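J.: Sequence:
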Amino acid sequence: MFDFDKNYEEFAIRWFENHRDELADDGEMEDKMPELYEKWANEPLDALSGLSPRTFFENIEAPDLIKLMVSSCEGEQNPSSLLLDRIAQVPACVQGLQDVIRTSLNDKARIIAANLLNEMGAAHPLDVYARLISDDGADEGLRELGIEVLCEHADEVADTLYKKIPSATAAQKGMIAEVLVNAKRDDRTLRLLEELFALGDNIPFYAGLMGKYGDERASAMLYRALDTCNYMEYIEIKNAIERMGGVVDDTRDFTDDPYYRAIRHLG
2 MFDFDKNYEE FAIRWFENHR DELADDGEME DKMPELYEKW ANEPLDALSG LSPRTFFENI
62 EAPDLIKLMV SSCEGEQNPS SLLLDRIAQV PACVQGLQDV IRTSLNDKAR IIAANLLNEM
122 GAAHPLDVYA RLISDDGADE GLRELGIEVL CEHADEVADT LYKKIPSATA AQKGMIAEVL
182 VNAKRDDRTL RLLEELFALG DNIPFYAGLM GKYGDERASA MLYRALDTCN YMEYIEIKNA
242 IERMGGVVDD TRDFTDDPYY RAIRHLG
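In terms of my numbering, the sequence shown is numbered consecutively and its last residue is 268.
Hints are supplied without guarantee of correctness; some may be wrong.
Calculated cross-link-like contacts (lysine-lysine; reagent style DSS-like; alpha-carbon spacing at most 27 angstroms) [to be verified]: (1) Lys7 x Lys40; (2) Lys33 x Lys7; (3) Lys68 x Lys7; (4) Lys109 x Lys68; (5) Lys213 x Lys185; (6) Lys109 x Lys7; (7) Lys239 x Lys185; (8) Lys213 x Lys239; (9) Lys185 x Lys164; (10) Lys213 x Lys164; (11) Lys213 x Lys165; (12) Lys185 x Lys165.
Read the hints as simulated data drawn from the structure, not as lab findings. Predicted, not measured: the structure shown is a model, and the values here were computed from it.
All chains should be modelled from the sequences, with the hints used to inform the complete structure.
T.: Here's what the structure looks like:
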């Protein structure tokens, strides 16, 4: 396939070599890049049978746009931004992007497809993202992106995630909790948060989730932890309590706490 990025790079190098004396400094050169990119995108190329790069993509139907996107993700390749811009403009590409997330073995293509669905404001395959939580072999970037989307649709996936809790690992439960705190109140979410907080392995994170969830019944557990936590944990626990309307008296002495000394630059 024609290498659009390489062609643009060669175009830009030639332009700058021919106009070097007209540019005051590197800053002016950088400012020129968007205008130069538009010039290249709309300039006819012999290699494209006289079409401009932008027109080339405008003449391609939705299914073939998706195929081009996926093939451009092989190895070290990346899709041209013009191709991605065009896909985002074509509603008929939504189904193809959803299918990529469901069936492709190329994680780069799946991440790009998910980002394009976000850009288009289109529906995501939420069931796929929910399954990724239980897949320890899943690409971390794709799973994180999926969790972000699930957080925006927490009520829709809550029942599915509750069913996963009994067999989930601690790490998986943490991801489930991150989503469920965005759903409507449910005692199962509170119990999950209390279980995770009690593990003591990521207190600042789970305290933050408790504060976000806002169920005041978690306050008792948070208050008890104030007496034994380190300074970094203390900050997040205090924030969580205050977020739920509680009050924390700063009476503990953290002078010898390493986190306190690091944050306060005490050496």
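J.: Please go over all the hints and tell whether each is borne out by the structure.
T.: Now for the hints, and whether the structure bears them out:
no.: 1; hint: Lys7 x Lys40; in the structure: holds, 15 angstroms
no.: 2; hint: Lys33 x Lys7; in the structure: holds, 18 angstroms
no.: 3; hint: Lys68 x Lys7; in the structure: holds, 20 angstroms
no.: 4; hint: Lys109 x Lys68; in the structure: holds, 14 angstroms
no.: 5; hint: Lys213 x Lys185; in the structure: holds, 12 angstroms
no.: 6; hint: Lys109 x Lys7; in the structure: holds, 20 angstroms
no.: 7; hint: Lys239 x Lys185; in the structure: holds, 24 angstroms
no.: 8; hint: Lys213 x Lys239; in the structure: holds, 13 angstroms
no.: 9; hint: Lys185 x Lys164; in the structure: holds, 16 angstroms
no.: 10; hint: Lys213 x Lys164; in the structure: holds, 22 angstroms
no.: 11; hint: Lys213 x Lys165; in the structure: holds, 22 angstroms
no.: 12; hint: Lys185 x Lys165; in the structure: holds, 18 angstroms
When each numbered hint is compared with the structure, no violation occurs for any of them.
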